Amino acid sequence: MSLDVATLRKDFPLLDRKVHDRRMVYLDSAASSIPPQCVIDAMSTYYETTHANVHRGVYATAEEATRLYEHSRKVVGGFLGAPHPDEEIVFTKNTTESINLLAHSWGRKNLTAGDAVVVSIMEHHANIVPWQMLAEEIGIELRFLQVSDEGYLVLDDLDQLLEGAKLLSITAMSNVLGTINPIKELAQAAHAHGALIHVDGAQSVPHLPTDVATSDIDFLSFSGHKVLGPTGIGVFWGRRDLLEAMPPFLGGGGMILDVRTDGFLAANPPQRFEAGTPPIAEAVGLSEAIRYIQGIGIDEIRTHERELTSTALKAIDDQFGSRVIVHGPPAGDLRGGVLSLTLEGVHAHDVAQILDSVGVCVRPGHHCAKPLMRFLGVPATARASFGLYNDTDDIEVLLEGLEATAKLFA
Amino acid sequence: MSLDVATLRKDFPLLDRKVHDRRMVYLDSAASSIPPQCVIDAMSTYYETTHANVHRGVYATAEEATRLYEHSRKVVGGFLGAPHPDEEIVFTKNTTESINLLAHSWGRKNLTAGDAVVVSIMEHHANIVPWQMLAEEIGIELRFLQVSDEGYLVLDDLDQLLEGAKLLSITAMSNVLGTINPIKELAQAAHAHGALIHVDGAQSVPHLPTDVATSDIDFLSFSGHKVLGPTGIGVFWGRRDLLEAMPPFLGGGGMILDVRTDGFLAANPPQRFEAGTPPIAEAVGLSEAIRYIQGIGIDEIRTHERELTSTALKAIDDQFGSRVIVHGPPAGDLRGGVLSLTLEGVHAHDVAQILDSVGVCVRPGHHCAKPLMRFLGVPATARASFGLYNDTDDIEVLLEGLEATAKLFA
Amino acid sequence: MADLEELYREIILDHYRSPRNRGELASPPALRAEGFNPLCGDEIVVTLDVNGGIVDDIKIAGQGCSISQSSASMMSAAVKGKNISEVRKTIATFKTLMSVHEAQLEESDTPEPEPIDLNALGELAALQGVVKFPVRIKCATLSWNTLAQTLDDAGV
Amino acid sequence: MADLEELYREIILDHYRSPRNRGELASPPALRAEGFNPLCGDEIVVTLDVNGGIVDDIKIAGQGCSISQSSASMMSAAVKGKNISEVRKTIATFKTLMSVHEAQLEESDTPEPEPIDLNALGELAALQGVVKFPVRIKCATLSWNTLAQTLDDAGV
Ligand SMILES: Cc1ncc(COP(=O)(O)O)c(C=O)c1O
Ligand SMILES: Cc1ncc(COP(=O)(O)O)c(C=O)c1O
Numbered sequence: 001m002s003l004d005v006a007t008l009r010k011d012f013p014l015l016d017r018k019v020h021d022r023r024m025v026y027l028d029s030a031a032s033s034i035p036p037q038c039v040i041d042a043m044s045t046y047y048e049t050t051h052a053n054v055h056r057g058v059y060a061t062a063e064e065a066t067r068l069y070e071h072s073r074k075v076v077g078g079f080l081g082a083p084h085p086d087e088e089i090v091f092t093k094n095t096t097e098s099i100n101l102l103a104h105s106w107g108r109k110n111l112t113a114g115d116a117v118v119v120s121i122m123e124h125h126a127n128i129v130p131w132q133m134l135a136e137e138i139g140i141e142l143r144f145l146q147v148s149d150e151g152y153l154v155l156d157d158l159d160q161l162l163e164g165a166k167l168l169s170i171t172a173m174s175n176v177l178g179t180i181n182p183i184k185e186l187a188q189a190a191h192a193h194g195a196l197i198h199v200d201g202a203q204s205v206p207h208l209p210t211d212v213a214t215s216d217i218d219f220l221s222f223s224g225h226k227v228l229g230p231t232g233i234g235v236f237w238g239r240r241d242l243l244e245a246m247p248p249f250l251g252g253g254g255m256i257l258d259v260r261t262d263g264f265l266a267a268n269p270p271q272r273f274e275a276g277t278p279p280i281a282e283a284v285g286l287s288e289a290i291r292y293i294q295g296i297g298i299d300e301i302r303t304h305e306r307e308l309t310s311t312a313l314k315a316i317d318d319q320f321g322s323r324v325i326v327h328g329p330p331a332g333d334l335r336g337g338v339l340s341l342t343l344e345g346v347h348a349h350d351v352a353q354i355l356d357s358v359g360v361c362v363r364p365g366h367h368c369a370k371p372l373m374r375f376l377g378v379p380a381t382a383r384a385s386f387g388l389y390n391d392t393d394d395i396e397v398l399l400e401g402l403e404a405t406a407k408l409f410a
Numbered sequence: 001m002s003l004d005v006a007t008l009r010k011d012f013p014l015l016d017r018k019v020h021d022r023r024m025v026y027l028d029s030a031a032s033s034i035p036p037q038c039v040i041d042a043m044s045t046y047y048e049t050t051h052a053n054v055h056r057g058v059y060a061t062a063e064e065a066t067r068l069y070e071h072s073r074k075v076v077g078g079f080l081g082a083p084h085p086d087e088e089i090v091f092t093k094n095t096t097e098s099i100n101l102l103a104h105s106w107g108r109k110n111l112t113a114g115d116a117v118v119v120s121i122m123e124h125h126a127n128i129v130p131w132q133m134l135a136e137e138i139g140i141e142l143r144f145l146q147v148s149d150e151g152y153l154v155l156d157d158l159d160q161l162l163e164g165a166k167l168l169s170i171t172a173m174s175n176v177l178g179t180i181n182p183i184k185e186l187a188q189a190a191h192a193h194g195a196l197i198h199v200d201g202a203q204s205v206p207h208l209p210t211d212v213a214t215s216d217i218d219f220l221s222f223s224g225h226k227v228l229g230p231t232g233i234g235v236f237w238g239r240r241d242l243l244e245a246m247p248p249f250l251g252g253g254g255m256i257l258d259v260r261t262d263g264f265l266a267a268n269p270p271q272r273f274e275a276g277t278p279p280i281a282e283a284v285g286l287s288e289a290i291r292y293i294q295g296i297g298i299d300e301i302r303t304h305e306r307e308l309t310s311t312a313l314k315a316i317d318d319q320f321g322s323r324v325i326v327h328g329p330p331a332g333d334l335r336g337g338v339l340s341l342t343l344e345g346v347h348a349h350d351v352a353q354i355l356d357s358v359g360v361c362v363r364p365g366h367h368c369a370k371p372l373m374r375f376l377g378v379p380a381t382a383r384a385s386f387g388l389y390n391d392t393d394d395i396e397v398l399l400e401g402l403e404a405t406a407k408l409f410a
Numbered sequence: 001m002a003d004l005e006e007l008y009r010e011i012i013l014d015h016y017r018s019p020r021n022r023g024e025l026a027s028p029p030a031l032r033a034e035g036f037n038p039l040c041g042d043e044i045v046v047t048l049d050v051n052g053g054i055v056d057d058i059k060i061a062g063q064g065c066s067i068s069q070s071s072a073s074m075m076s077a078a079v080k081g082k083n084i085s086e087v088r089k090t091i092a093t094f095k096t097l098m099s100v101h102e103a104q105l106e107e108s109d110t111p112e113p114e115p116i117d118l119n120a121l122g123e124l125a126a127l128q129g130v131v132k133f134p135v136r137i138k139c140a141t142l143s144w145n146t147l148a149q150t151l152d153d154a155g156v
Numbered sequence: 001m002a003d004l005e006e007l008y009r010e011i012i013l014d015h016y017r018s019p020r021n022r023g024e025l026a027s028p029p030a031l032r033a034e035g036f037n038p039l040c041g042d043e044i045v046v047t048l049d050v051n052g053g054i055v056d057d058i059k060i061a062g063q064g065c066s067i068s069q070s071s072a073s074m075m076s077a078a079v080k081g082k083n084i085s086e087v088r089k090t091i092a093t094f095k096t097l098m099s100v101h102e103a104q105l106e107e108s109d110t111p112e113p114e115p116i117d118l119n120a121l122g123e124l125a126a127l128q129g130v131v132k133f134p135v136r137i138k139c140a141t142l143s144w145n146t147l148a149q150t151l152d153d154a155g156v
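Heads up: the sequence lines are chains A, B, C and D, in that order. Under the numbering used here, the residue at position 172 of the first sequence is numbered 172, and the numbers go up by one with no gaps. Under the numbering used here, the residue at position 230 of the second sequence is numbered 230, and the numbers go up by one with no gaps. Under the numbering used here, the residue at position 131 of the third sequence is numbered 131, and the numbers go up by one with no gaps. Under the numbering used here, the residue at position 19 of the fourth sequence is numbered 19, and the numbers go up by one with no gaps.
Hints are computed from structural coordinates only; laboratory data are not their basis. Errors might be hidden in some of the hints.
Cut-off 25 Å, straight-line C-alpha distance, at most; resulting in silico cross-link-like pairs (DSS-like, lysine-lysine) [as the list claims (entries may be wrong)]: (1) A:K74 - D:K138; (2) C:K138 - C:K80; (3) A:K109 - B:K109; (4) D:K95 - D:K132; (5) D:K138 - D:K95; (6) A:K407 - C:K132; (7) B:K74 - C:K95; (8) B:K74 - C:K132; (9) B:K74 - C:K138; (10) B:K407 - D:K132; (11) C:K132 - A:K18.
All values derive from a computational prediction rather than experimental measurement.
Isolated chain A (complex conformation) (with noise of 0.2 Å):
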C-alpha cells in the first residue's frame, strides 16, 4: 500500500477503540469520516485560549477569532484550487445547506417555469429534493441522466437533455456506486449549450484532487465532516461573478451594509451568504483537517483508496464469487473506494448486523439514493466505504464478517 497506515492510524483516536470485543474497522467514511487528533485539538485551543465572536470586535481575541475565521477561506480555496478565496468561498451548515443556496438563491433569481435543471439518477437526496422544490414552486423541469448497468453516467443523451437547460448539477462520485464522472466533459458540455454546472463534491472532495479552476465548473458543494473535518460546516464555492451577481439566500447579521425599517441592503459575497453566527470553531477545525490532507497528499490518498479498493473487489469476488454483488463501475480510474454490496438471501440490514458483531462498520440502506436504489432493483445495500486510515486487515476483517453472515443465513 502507498500510505504507511500503520503510523497514519495514531493520528486517529477514535480507531483505537474496540467494539464488542474487537478491533473497530470503520468502513463508513462516505457517511462521515473520522477526525484526526490534530483536528480535534484545534478545535479544543480554539476554544480553550481564542473563542469570540467574529467580525466587528477590536479586542485581541476576537480579532485572532476573526483573523483564524477568514484565513480558513485561503485553506479551503487553495485546496479547491480556487481564485479568489477571500470572495468565493462559503461557509454553509453542510453540502445540502450550500445546494439549497444555490437553489434557492441563484435558482429563483434565473430560473422562472419551464426552465430545465439537469441532474442524473445517481444524486443523493441533497442534490434532487431542492430542485424538486423549486419545481414545484416556480414549475422548473428537472431531468435525469440515466445510469448503464455498470454504474457509469449514460451519456448518450447528454446534449439532449441540456438542450435548453439553465443548470447541470452533478455528483462528482458517487455515494452508492463509487463512479467517478468525467467532470470536465460535463463542464464543456454544459457550457457549450449556455448552461452553469454545479458540482456535488461531498464524496469527491475528501479523496480525489479537485481543481475548481481547471475543471472549469462554476460551483462547487461539499461537507467538513467527510473530509477529516467537524460537522456543523459546509463550503460552498462559486465562481465570483456568479456569486456577485446572485441575491442573499438566508437574512440576518452579517449579510447586511444597512438596514433600515423599510429595507436592508446585501453586503459583498461571501458574507451576502452568511447570516448569523458563523460556524468559527468548525472554520477552524476544516482548514486543520484540510492542512493534514494536504501533509499527506491529496494524489497519495487517492492511490491507496484506489489500491484498497482494487484489492476489495478482488477478495471479495475470489471469496464469493455470485453469491455477492458489488453494485457500480470495476475497478481503476473511475471508480472511487466505496463499495455497495448485496449478499445473496441476505437483507443489507443483517449484513450490517453481522458485520458489527465482528467490529466492523458499514452502512446499510438507500444512502439518500432512492432513485438510484429504483434503479438498481434493491431495497438497500450494505455499504463499506475506505478513507485514507484503512487497510488491507480491514478488508480481511470485512470478508469474515461476510462469511460469518452468509453461514448464519445458509
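Position chains B, C and D with the ligands against the provided structure of chain A, taking the given hints into account.
What follows is chains B, C and D with the ligands alone, placed relative to chain A:
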C-alpha cells in the same frame, strides 16, 4: 454576589488567558459566551470515542451517536419547558437560521400579500431581514413596535399594530439595551388578535428562566454559542401542531420519507426541518452546556447577573455621571446584563480599543440593530455584557479602562 | 456475540427463510394497509379477512430484513383465527415488550411498565432479543403497527 | 501599551479634536462621494473642487472613530492645493503603507512591496501605528477610498 465566581471561573479555560500582559476580562457574552471545559471535553470525547453519522447506522458507534444526538433534544426541551421535545426541538445552525426557517416555511405557507408581521425596532437584524425578504417577495407588511426613551417597548399601540397581523416576532431581551420584554403579556395580546408569537430567545435563554408552556408562546429560537455551547448550532422550537402543519424548509437527506424522480414525501417534524448531516458534535456540546447551566441554576444565574448589572450601573454613574450614557432601562426586573455605553466625545471604536489595552473585551458597533441605533441617535455603542463567570472585579477593570479612555481623549 | 445469537434465534431465521402466510388477499373484501420504514426502506403490506369479529385469514407481502420479515410472519401466525380483542391485546403486549427496553435504554424516568407474560406470547417471545438492538426495534414493530393501522382504519 | 500610544499619537488626537476642512462644499459644482464602513457604521462624505487639474478645495463630513476622522482630516490637508496626479500618488502611497502590514500580518507569500518614503507622507506617517491594529485599517483607509472613488467617478 450570589454565585461563587472564583470557583466557577476554574471551569472556563479561556478566562485564564492574558492579553497585553493583563488578565482577560470578558464582557462580550451577548456576542458569544465562553464555553466551560466540560463542553469542550464533551465534544472532544465524542470525536475521540464515538463519532459517526446519525440515523440509519446499525453499528455500535452510529447507534451511540444517534442516541446522543436525539437525547440532546430532550435536554434542550427540558430546559425550555417544551412539552414534546422529541418532536418539537429542531436543530439549526444558529438563531438566524431558526428565524429564516420560520419565515420560509411557516411564512410562505401562511402569509400572503398585505398580511402583517409585527416586530419591534429593538430587534436584531436576524429578526428583521428575513421578514423584509418576505415583504419583498410576497408583499407582506412589516410593522414596528417603538421603543421609549427609557428603552422599553411602547405598548400603547400594540393592539392597533396587531390588528389583522398574523405573527408577532419579538426578542425576549434586547442585545443592545438589555431590556427584558413582557413575553407572556405579548403572547396574550398576539393570541387575542389571532396572531401567533415567535420569541427571539438568543439573549434571554442564556440568562433568564424560559418556559415556553407557561408563557404560552408558539415559536422560540436561540443559539448554542450564546448559552455556553459551541458555534454551529441553533435551536428552533415550535408547538407540535404548528410544526406538523409546516412545509419543509431545506431539502435533502434526512428530511424525507421517500424520493422518486417525480417528487418527494417529507418526513415528520423535527426531521422534516433537518436536511443533511446535522451538527452532531455540536448537539452533544450544547446539551452539556445546558446541563452545566442547570447544575448552577438559571435562577441563580439571573440573580447574579442582576446584581452585577445594578453594581455596574451604579458604579458607572458614580464615577462618570453625565460623561457616560448607558442606554436602556435602569437596573431591575426588566433589565438584563447588557450595558451599551456612550462616552462623551469618544467614538465606541476608540473606547473598545482602549479597553482592550487593559484586557477588557467589549464590542463596539451597531450590534446588528441598526434601526435601534438610528432611534438612539448614535452610530455605535461600546457594549459590555455579563455572563455567569463575571464578577465585580471585572467591573473595576472596566471602570479603570473607561477612565483611561476619558483621560486620553480629554 | 451472545447478543447476536439472541437476535438471530433459530426460530427467527426459520420464519425469515420460510415466511408463513405470505402473499396478498384480494382487497376488498380484505382489509389492507401498507407500512413503511423510511430509514431502511422496509415495506410491508398486510391484508386480512375479518368475519364476525374473527381474523379468518391474513397475508403479508413486502420486503425487509430478517427481523421485520420474521416478526411479520410470526405475527400472522399469532393472530390468525383470533378475535379482534385478542388481536388487539397481542399487539399491545408485543409493543410493550419492545418499548420497555427502549425506555430503559434511554434511562428515562418513565415508570416501570406492567410485567409481560412472555408465555402468552409463544413464539413471539423469541423476538425479545431485538430490544438489545434499538435500531432494529422499528424493524420488529413495523408489521404490528401496520396491522394496528389496518384495524383502526376499518374501525374494528 | 506601547502599541496603543503608537495608535493614538498626539497628532492624530489633535486632528480628531480639531478636524481640518470640515464641512461640505456645494455640489455641484463640487465632486462628491460617500463612504461607508458597514462593520462599525462610520460614514464619510468627501466633497472637492477641482479646477485645472488642481484640488482647489476639499471638505470632509460624516462621523466615525478617531482614526477614521483624523485620517480624513490629514488627508484633506495633504491633498488640498495638489494636482490630481500628486493626489493619486499620495493615495497610492498611503494605501501601500496600510496594506504592507496587512499582508505581513497574514504571513502570506505575496512579495514584499516597494519600500515607502515615509518622509514624503509628512504628518500622515503618524498613521502607520494603525497597521498593528488590523481591524482599524479599514477606519484609516475609509476616507482615502472615498476620495479615490470621487476621482474615479468624475473621471479625473
Ligand atoms: C437578540 C438576538 N437575536 C439574534 C441573534 C443572532 O444570533 P446568531 O448570530 O447566533 O444567529 C443575536 C446575536 O447575535 C441576538 O442577540
Ligand atoms: C454525494 C453526496 N451529496 C450530498 C451529501 C450530503 O451531505 P451532508 O449530509 O453533509 O449535507 C452526501 C453525504 O451524505 C453525499 O454523499
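Taking each numbered hint in turn, which are not upheld by the structure, reported in ascending numerical order? Those not satisfied: there are none.
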